[in-house]
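> The chain contents come next:
2 protein chains.
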Amino acid sequence: MKKNLIKPSILPGFMELLPQEQEKFNDIVNKILDVYEKNGCLSIDTPIIERANVLLAKTGGETEKQVYSFKKGKNDLALRFDLTVPFARYVAQYYNDLVFPFKRCQFGKVYRGERNQKGRYREFYQCDVDVIGKDKLSINNDAWVINLASKAFKSIGLENYQFQISNRKILKGILNELKIDDSIEVMKLIDKYDKIGKLNFEDQLRDLIGQDKSKYLSNILDIEGTNEEILEKLVKLDINDEYFLKGIEELKKVKCTLGILGVEDDEFKINLKIIRGLDYYTGTVFETLLIGNERYGSICSGGRYDNLAENYTNNILPGVGISIGITRLFFVLKEIGFIEKYSIKSKLDYLIIPIGDTLEYCGMIMRSLQDKKYGATIYFDDQPLKKKIKYADKLGIEKVILVGEDEVTRNEVKIKNMKSGSEISINYKEL
Amino acid sequence: MKKNLIKPSILPGFMELLPQEQEKFNDIVNKILDVYEKNGCLSIDTPIIERANVLLAKTGGETEKQVYSFKKGKNDLALRFDLTVPFARYVAQYYNDLVFPFKRCQFGKVYRGERNQKGRYREFYQCDVDVIGKDKLSINNDAWVINLASKAFKSIGLENYQFQISNRKILKGILNELKIDDSIEVMKLIDKYDKIGKLNFEDQLRDLIGQDKSKYLSNILDIEGTNEEILEKLVKLDINDEYFLKGIEELKKVKCTLGILGVEDDEFKINLKIIRGLDYYTGTVFETLLIGNERYGSICSGGRYDNLAENYTNNILPGVGISIGITRLFFVLKEIGFIEKYSIKSKLDYLIIPIGDTLEYCGMIMRSLQDKKYGATIYFDDQPLKKKIKYADKLGIEKVILVGEDEVTRNEVKIKNMKSGSEISINYKEL
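Those protein sequences? They're chains C and U, same order as listed.
Quick note on the numbering used here: the first sequence kicks off at 21 and runs consecutively.
Quick note on the numbering used here: the second sequence kicks off at 21 and runs consecutively.
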């Protein structure tokens, strides 16, 4: 009477983990969220499904094609493709109930019908922080959100990350100075710099804006040195365009405040090639590379925008935000061997194993341990002792408590240390 | 240049909270998950979107109509409508990599296109625990999962809940004894008991199985007394059907183990009217009522099933599980005034307010507090002092640190206690 079975599998582009890896994933998320919350972010949650016209208010082209949208009854619905659009809607909707500057963090799944390839996910977690002001927002917040990312990475023991920071105003000012009409095409090209490489970039730039200007611009993009030196060299260009000057001023301020907040100078690098797409950011922009593993691209990005929610409200809401694609980050951390070494302690400190008819005594032991805030459970099922011990071993439980009838008679417990293999018997009150 | 704004709103049947309530929601979830994990559950996560044929392997009728399903490319997709079906698929898929008995907890959103009414949600969080055995699973686990629910409720300070426990085998045995052919119809009717009321129930039962049998069955369902007394009265019925005897034996065992695990006798009540639908459970079944607020229905339900994943594998996987509909629970807890009184501490212990040009000193203070694991942030924006203080007040931050230029000169900080209004100045090293 064998029936037709359905093959148990998930869709391509979706991440699913075994319990041991899931525990590490959760630990990473909890540590990052803890950093955010202890630095004053309020955690919010928004629906995954929203009205299509709300979610797609701003997008078009590529993004819209990737969106999961469908009808339910008469409604056109869509799954959120980032946490920023729902957040913009949220701030506009509850504007009068929120306290500004509003520092929010949000962790949740988003959906994009990406082309199927390794390390690209169609369902993935993002973890965002944004600070939103009413009408204005201090540039110090730009440094603050980057400082949060730094603290988040440190909290999980990640090193070798480096923030690549720029300010869009600087490039805008340079392009103004060069009297380049088609600045959008130039920006798009710079955005592709890392993909196409220096030589291709320079060829295409020359085609776009001619020999002299392209030489001038390339030289600026290639400025090397310490952050201090890069800023000095930029100032010495003697460009007087107001965007350029404003951009330099902001970038200096961000650099200074990063230091004040404890971000070391070698954690970040000024890099004018950072653009972060086109229609969103207006000032500070940044990405985060893993030094030595740059090929994986940015693991945390963000920047400053002038007005968060212009599609939903006439209130002016400038802000600055960062986003970590946690699912993608986890994939990268697996690839580079970080996850394998990432060690966490089982939340279950004790596995209590009854031998014979000692369940009642085991219950008392369990309650006594839990009163002391230890993690503890009882192995209930009828199995050979060896199998029960192996169970603890497989789950990484450090201590096993063996309770036979002798132990009950003597008010004792036998504790087996799973690492050393040693066993000691003590009075249960000494636990 | 006013543009067309899109009204910022969410779909009906979706819950969204303001930050203050969200903090309480998150605190409740974290406490419940902490109980589960410290009792040995491994937390897993599965995709929200799966292949429609995988998710709908078992369902039909009402459930299927409620499912959010759609096409993306050539694929028929659906949003999960519970956490049990994806879990069944997960266990079948990773069978060889899992350690049995597998105790898993899972927290996540599920989707059902319910009729729109107050307190019913189309997107809602569930928080499930299941224990799955290979081929067999001790009845003690049935008590253990109920004990977890008890601990979960205690962890959030909820009282007045009462588990209503039955065992489906008992009723099955009684119906066998009565030689009732259409036992499914009788079960369906009992399942509706609370909805239709005692009198309607008895009328309909008589129509179904006749005067004598209906009288006999009603009397059994109405047995009152302590749990001990109810069990005694059931035994005295002198029914010899094997299901009945097995059911009584299991229920006795569950009652006994509940006591051993620390669940008090008044936390649960044997109630033979508990059915929990038809095609799923095979032994222990339970619901949880809020005494005095029974009208809200069950806030946590579950039971024992013979075979979790029969649609996906030929392995026999008996299990027992519980599920809390957290979104619905939060709604109920709001309705009964529990959430309003539910107090949590802001994770931000200190708000540091620079007065004048003292940002660098404030940065040092912030880092020093954070090194000591306090939550702390700086108010960066240029606002009147009064407004900055009000910000701390609105967010429930208990302590504000005021740093003017005098404080910097004297290496001091001025701490304002927001509750008492008192201010003290101390050396920053004494913080």
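One or more of the hints may lead you astray.
One copy or two, either will do: identical chains are not told apart, so a pair holds if it fits within one copy or between any two.
[Said to hold, decoys possible] With a straight-line cut-off of 27 Å between C-alpha atoms, the simulated DSS-like cross-links for lysine-lysine are:
| # | residue 1 | residue 2 |
| --- | --- | --- |
| 1 | K367 | K174 |
| 2 | K154 | K275 |
| 3 | K154 | K199 |
| 4 | K367 | K439 |
| 5 | K27 | K192 |
| 6 | K208 | K367 |
| 7 | K94 | K275 |
| 8 | K138 | K361 |
| 9 | K154 | K410 |
| 10 | K289 | K92 |
It is worth saying that the hints were derived from the structure and are not from the lab.
For clarity, every value in this text was computed on a predicted model and none was experimentally measured.
> Quick one: which hint numbers does this structure break? Sort them smallest to largest.
3, 5, 6, 7 and 10
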